[in-house]
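Number of protein chains: 2
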Amino acid sequence: MSKDKDFVREITRQGEDFSRWYIDVIKKADLMDYSPVRGCIVFKPDGFEIWENCQRELDAKFKATGHRNAYFPMFIPESFFQKEKEHVEGFNPELPWVTEAGGEPLEEKLAIRPTSETMIGHMYSKWIQSYRDLPLLINQWANVVRWEKRTLPFLRTSEFLWQEGHTAHEDETDARKETMQMLDIYRDFVENFLAIPVIVGQKTKSEKFAGAVDTFSIEAMMKDGRAVQAGTSHYLGTNFAQAFEIKFLDRENTLQFAHTTSWGVSTRLIGALIMVHGDDRGLALPPKVAPVQAVIIPIGPAKFRDAVNARAYELLSELKTAGIRVRIDDRPDVTPGWKFNEYEMRGVPLRIEIGPRDMENGQVVFVSRNATEKRTVAQSDLVFEVNDTLVNIQNEMFSQAKRFMEEHSKEVSTFDELKAMFEYKRGFAHTGWCGALECEKKVKEETGATSRNIPFQPLSTQKCCVVCGQPAVHQVVFARAY
Amino acid sequence: MSKDKDFVREITRQGEDFSRWYIDVIKKADLMDYSPVRGCIVFKPDGFEIWENCQRELDAKFKATGHRNAYFPMFIPESFFQKEKEHVEGFNPELPWVTEAGGEPLEEKLAIRPTSETMIGHMYSKWIQSYRDLPLLINQWANVVRWEKRTLPFLRTSEFLWQEGHTAHEDETDARKETMQMLDIYRDFVENFLAIPVIVGQKTKSEKFAGAVDTFSIEAMMKDGRAVQAGTSHYLGTNFAQAFEIKFLDRENTLQFAHTTSWGVSTRLIGALIMVHGDDRGLALPPKVAPVQAVIIPIGPAKFRDAVNARAYELLSELKTAGIRVRIDDRPDVTPGWKFNEYEMRGVPLRIEIGPRDMENGQVVFVSRNATEKRTVAQSDLVFEVNDTLVNIQNEMFSQAKRFMEEHSKEVSTFDELKAMFEYKRGFAHTGWCGALECEKKVKEETGATSRNIPFQPLSTQKCCVVCGQPAVHQVVFARAY
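Read top to bottom, the protein sequences are chains E and F. With the working numbering as the guide, the letters of the first sequence map in order to residues 2 to 483. With the working numbering as the guide, the letters of the second sequence map in order to residues 2 to 483.
Keep in mind the hints are simulated off the structure, nothing from the lab. Please note that a few of the clues may not be correct.
Identical chains share a label here; the pair holds if one copy fits it or two copies do between them.
Computed cross-link-like contacts, BS3-like style, restricted to lysine-lysine with a CA-CA straight-line distance of at most 25 Å [what the hints assert, rightly or not]:
| no. | residue 1 | residue 2 |
| --- | --- | --- |
| 1 | K62 | K248 |
| 2 | K420 | K206 |
| 3 | K86 | K206 |
| 4 | K127 | K29 |
| 5 | K375 | K420 |
| 6 | K28 | K64 |
| 7 | K64 | K289 |
From just these sequences and the hints, can you work out the full model?
See the structure below:
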């Protein structure tokens, strides 16, 4: 027992220091390691498998909506960044530059992509001639680099992995439809696969993507009340089409600029997943994304071990056949208590215990990661019960996270209230806003919170701007963000 | 009909100019495009999908043999390249260097990975402490960069995509077993999935991987008689373990260096696939890797169009349900002849025609890409017949390629004969070799051919070195190579 306690004590408690808790958990659950390159992490197998599961799910959704994958060079000529003014201003400070290659200085230095609108814009201008070439619907899974000053594993790293969709359309209507479709795919994926509730809305002008006409986002709340932008979808208008000459002959034989979109989610989702569901016992993974959905742990005295293990392996094989991602831990030199803690810490959604008495009664014991009470289940119903329990855990985890977000969201009408909110605790402040940049700036300067988005379904109905008291043009969510 | 002829004429004939044929085919089949960055190509959706199919197949094989995926930073500190002497000499000339980032010059410049033995070696030294941590079996799917002087789409590009496996073991026996296991997985994949026969063997000392003890390869023959190294597996001994201090306490509690391996295949396989199977009509893809395995083309007069199309869509849906990757082309404004050429050029293995008479007879017409005779098949047997035909096409394509390789392989006993062989035609020369570097070098200088490998199952039984006449120590395959 003392071993079990020591084990748990290695993770800082969330209430004590949330940042340290986060680092403790991701290190202890073996999700990542620091690398010798500033701000770059190693995605270890247990962390990378979470990303692989996200990829498989998202990739299927992209393909089902007519997108195809491609791969573009990661090197971007310096001149490309001069073509779209906002884009260069937004990204230039964060670019790494290749200046030598093959033993010689390069004639034109090459940036490593922070995002690929420029390279893809250049290629699309060659591929698109006629309205018959539209819509062009392409996605890319890739590594990108942004040389960030402050980094945090998964949430903000110099090199990270993501997907970036880039589409071109005949007109604004079609491009905006695509922008919204992808935003909804992200919402659906994050809410129903990762069990993370989000606020869906539009970014304010100052927070939009550099080069976009409109940026839309889904915003999630971490357990420390801070926000994570979990996905963005941009309507780029004809900005990049004009910069890169993506022109086509329309149905009336007139030369037009294409309307483009881009949209992406990244490995920062892994960070959000941990910060939304994790607790003082460690990681907690929703069943749909969990690399291991259930672990079987045989228990009981040594003299029954062989018989219990034999039955446990039969059940393992039954569950595997049913497509459940299940593992067994029958190591004789590790105590059951230690194993219980271990798999709870690693966030395995369901633990299945089987001992000599369970053998006699033809049953097993279920313990869900998110609610520790035990439940007895007949071995004959095992596959059904596991599937059913995993569905319940998935739904409960979403409900728990949603309740947390609601409890830490508040309608705020005065600036003093807003300041007090971010001074004493965190969360989402729903307020009215006049639309002026100065008011938005003042919130940031005096509270550290930024506007997350203008929700499509606002919680608040404030008539006045929380800062200046002028009539509110938008309802906005403010929060401190990662 | 004249349109059809024009269409075909756009591809240079193989016999006329093989290199031009290759570029014509990959451009016309829409597999790639050139990018504005020297030596970097864009993998367009039709080309990238071939790679996705390879990835899915290989990834399953890697996981079935206990490997897990991870992701390591692509930036490698300059100092890492100083640690393994052969490795630095082999790769330094081809590295691109990041010297500035985030608006400032870097303290230590960063290479972009040409391969990751150094970075992974560094991380393994932190992760491996005891024999209990071994074997460590990790694979990475990634982009890598080698700043090549001469580039060729897919076969040799500055940036390319690949997988690199990196494993660490307790001893030489276990590491060599892994090296051979992965080599055999590559052979199996290339022969049975890509239908490309290969020569399996060991690289000579001068051709081995920079830093390896032994390199093993599979070598394929293109239709111009030149070789492509289709995959390599390296036993690295303790070279990288010593350079990066990958040490562990063994079962006797003694500190030992780990024995490591690495192995990889890359997007150059796409180039090999095209050059092995393609012909004057264009691309030819083996069914297992083909993004589209069968295309249904409704034919006949306009007045029957609706009825024929309706039936064609029923068959489409039947085949899709059976898991066959099938497409329909019912465009009314394009002639059947044009479509036939189009899908032949794109390498679709099976064409299924259906017209009014076929409707009456309850049949369809099959035309295989690799043998143009037509065959009538009952609609009631469609799924079985398509599956059966695809298996046959896969097998026939392998046999055809194997026959080609055999016909262009020759046992050679004298240097004059060797010179003549590479002067007048190309292919694989199977010869004896004394093992001396000078003899190997002389072959390269005077014939342009390089040693491909020392086959495990040599075709030749030469008693003397083809260059110096001294007793042969090895049987070697020489060929001009991409």
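| request: Return the numbers of the hints above that this structure violates; sort them in rising order. | output: Violated hints: 1, 5; rest satisfied.
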